[in-house]
Amino acid sequence: MRSATLTESGRPTVTDFYRTNRGGGLFSESISQWLGAVFAAGAARLRLRPTALTLANLVLGLATSVIVVAFAGPVADGDVPAWVIGLVALVGWQVAYSLDCADGQLARVTGQGSAAGARVDILCDVAAQIALVTAIGAVAVAQRPQTPVWLVAVFAGTWMVNLVTSVMQAGPNAASMVTSTSLPVRLVKLVRDYGAVIFVAALVLLFAPALTVWVMVAFSVVNGGFLLASIAFSARSSLH
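For what it's worth, the working numbering labels the leading residue of the sequence shown as 7, then goes sequentially.
Since the hints were made in silico from the structure, they are not lab data. Think of the CB as a built atom: it goes at the ideal place given N, C-alpha and C, for glycine as much as any other residue. Some hints could be false.
[What the hints assert, rightly or not] Ranges between beta-carbon positions, derived for each pair:
1. A69 <-> W89: 13 to 21 Å
2. P87 <-> A224: 18 to 26 Å
3. L217 <-> I73: 13 to 21 Å
4. S120 <-> D85: 46 to 54 Å
Using the sequences and the hints, build the whole thing.
Dropping the structure here:
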């Protein structure tokens, strides 16, 4: 691709932006961060600020989740094909996340990073993820009205573990329980790779929305288990 190589103008290329990515897991690095680099390169050419990408992530993420919530009932009743809304979720959530990856890349490469921008990024991430969790919960309840309220609450609470731990790992006191970067370990870590998680969630909405409640159970177990393990790991380090 032309944009992936150094241009005559000396402007940063897609590869330059990608080199500054902050990871996020095997899926995120391989797909979301690369797409984010494409968005960041385009934004740089348009002289956009990183916060413009942050807000675009928020708007697209919220709009996608609102659509999923609005059509949860019609899909469950068979009035709207599940694959239509599932495809909206798949594309919308992935592009929104790639924009979230792009804002940081743009800030680092162009030197536009700021404390205020970082705060806006975190706040928009929280808002977008609340909407996404609401959408998944709405589908689960529409498909299975007997879904326990406590399960929806546990799912919503444990979902935020990913966001909290990612913020904590960005500071000077960051630490990882598993430091290995081997392929088997990275494959196991896909269960907590945000890009992979929302990809799987959207696939379920696309092909088998009736199984959404089990997606909630699985994510609750994984994130809840990680939270307990993180507490134990941090407490042990603190005591020693």
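Evaluated hints:
Checked against the given bound of 13 to 21 Å, the beta carbons of A69 and W89, roughly 19 Å apart, stay inside it. At about 25 Å, the beta-carbon gap between P87 and A224 stays in the expected band of 18 to 26 Å. Restraint check, L217 to I73: a C-beta distance of roughly 20 Å satisfies the suggested window 13 to 21 Å. Checked against the hint of 46 to 54 Å, the C-beta distance between S120 and D85 comes to roughly 47 Å, which is consistent with it.
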